[in-house]
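Visitor: Start from chain A and add chain B according to the hints.
The primary structure of each chain is shown beneath.
Protein chains: 2
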Amino acid sequence: MAPTTSRKTGTNGYDNLDCSVARTLEHIGERWTFMVLRDAFYGVRRFDDFQDSLGIARNILTRRLSKLVDAGIMRKEPYQEHPPRYEYRLTEKGRDLVPILTSLLAWGDRWETENEPPVRLIHTTCDRVMHTQGVCSECGEEINAFNLRLDPVPQIVVERALTANLAAHST
Amino acid sequence: MAPTTSRKTGTNGYDNLDCSVARTLEHIGERWTFMVLRDAFYGVRRFDDFQDSLGIARNILTRRLSKLVDAGIMRKEPYQEHPPRYEYRLTEKGRDLVPILTSLLAWGDRWETENEPPVRLIHTTCDRVMHTQGVCSECGEEINAFNLRLDPVPQIVVERALTANLAAHST
Numbered sequence: 132m133a134p135t136t137s138r139k140t141g142t143n144g145y146d147n148l149d150c151s152v153a154r155t156l157e158h159i160g161e162r163w164t165f166m167v168l169r170d171a172f173y174g175v176r177r178f179d180d181f182q183d184s185l186g187i188a189r190n191i192l193t194r195r196l197s198k199l200v201d202a203g204i205m206r207k208e209p210y211q212e213h214p215p216r217y218e219y220r221l222t223e224k225g226r227d228l229v230p231i232l233t234s235l236l237a238w239g240d241r242w243e244t245e246n247e248p249p250v251r252l253i254h255t256t257c258d259r260v261m262h263t264q265g266v267c268s269e270c271g272e273e274i275n276a277f278n279l280r281l282d283p284v285p286q287i288v289v290e291r292a293l294t295a296n297l298a299a300h301s302t
Numbered sequence: 132m133a134p135t136t137s138r139k140t141g142t143n144g145y146d147n148l149d150c151s152v153a154r155t156l157e158h159i160g161e162r163w164t165f166m167v168l169r170d171a172f173y174g175v176r177r178f179d180d181f182q183d184s185l186g187i188a189r190n191i192l193t194r195r196l197s198k199l200v201d202a203g204i205m206r207k208e209p210y211q212e213h214p215p216r217y218e219y220r221l222t223e224k225g226r227d228l229v230p231i232l233t234s235l236l237a238w239g240d241r242w243e244t245e246n247e248p249p250v251r252l253i254h255t256t257c258d259r260v261m262h263t264q265g266v267c268s269e270c271g272e273e274i275n276a277f278n279l280r281l282d283p284v285p286q287i288v289v290e291r292a293l294t295a296n297l298a299a300h301s302t
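Keeping their order, the protein sequence lines are chains A and B. The working numbering runs 131 ahead of the 1-based position in the first sequence. The working numbering runs 131 ahead of the 1-based position in the second sequence.
Excised from the complex, chain A in its bound form:
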């Protein structure tokens, strides 16, 4: 699918990759948007409750909620007719952000928190304090920077390998 921006295209040969990932980051990467999502995961649904919880300006909150509704991450549902009032609830697409948000939390707790993490995640199935681990969907092994490969291999990596190879043979 075509990238959504018209930036100058480099030679990496995998420009399409940034399409879905960059848009995901656009959805959750903004600080307030992330905090609205976090509240939504903990059951906050009404405009005034988001505002009370976050201490955020009404116009900014309106904009963030609208963007999340437009992105299909939240949906707007009436809960009162006179005057009309709406609740904001996570959609399936929104709930599917859980592994990303909790991976962010795990990394932040490991690398950016000097003291004990202020909150803990409990996995209600096993009732233990946990963090999210990323595993291979096929075999279940924990993934890391050394056991993953992109297919096709980006052009720049091929070029780099060829250059390194030529350099090795010319010495």
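One thing to keep in mind: the hints can contain errors.
The list cannot tell twin chains apart, which means a pair is met if one copy fits it or any two copies do.
Taking lysine to any residue and the SDA-like style, the derived pairs with C-alpha atoms no more than 20 Å apart in a straight line are [claimed, not checked]:
hint, residue 1, residue 2
1, LYS207, LYS224
2, LYS224, ASN246
3, LYS198, GLU247
4, LYS207, ARG177
5, LYS198, GLU161
6, LYS207, VAL260
7, LYS207, ILE191
8, LYS224, ARG241
9, LYS207, GLN182
10, LYS224, TRP242
11, LYS224, THR244
12, LYS198, LEU221
13, LYS224, ASP201
14, LYS207, GLY174
15, LYS198, TRP242
16, LYS198, ARG162
17, LYS207, PHE178
18, LYS207, PRO248
19, LYS224, GLU247
20, LYS207, SER268
21, LYS224, HIS213
Don't read these hints as lab results, they were simulated from the structure.
Guide: Chain B only, in chain A's frame:
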């Protein structure tokens, strides 16, 4: 640990939560920063190679690389003395971003890509096309929005539950 910004504090009772997560988002949330990281994961190390690959302005690239070095996500190493030239390599902290980046990819592929994803991830251990799954570090079950709980429970959620309870009893 204290939040790094002086924003108005809401009543959610878990303001500290945004500390580590918000800072993680600050590291990777910016589009170019994410793309620099992506290239780094695929073996790009030199300034000119990042620039060739991404088609990014030199001053922006310099700024992004410096921020990543300052954050301890990349490190700068000399590879040539005359004139001095440096490589940029991921640190352990940087490599530990893999589960986040690949979770973003999985979500984007599922929800934001209309056609076949342009690239696939291969888990080299089992040699299969995979996506990253988030599981509980303690029991290995896949996590989702319904089997996680935050401890302590945010104040706003407690208040909401009490209000709902009172409303239920007054009808």
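Visitor: Looking at the structure, which of the earlier hints fail to hold?
Guide: The structure breaks hints 3, 6, 18, 20, 21; every other hint is satisfied.
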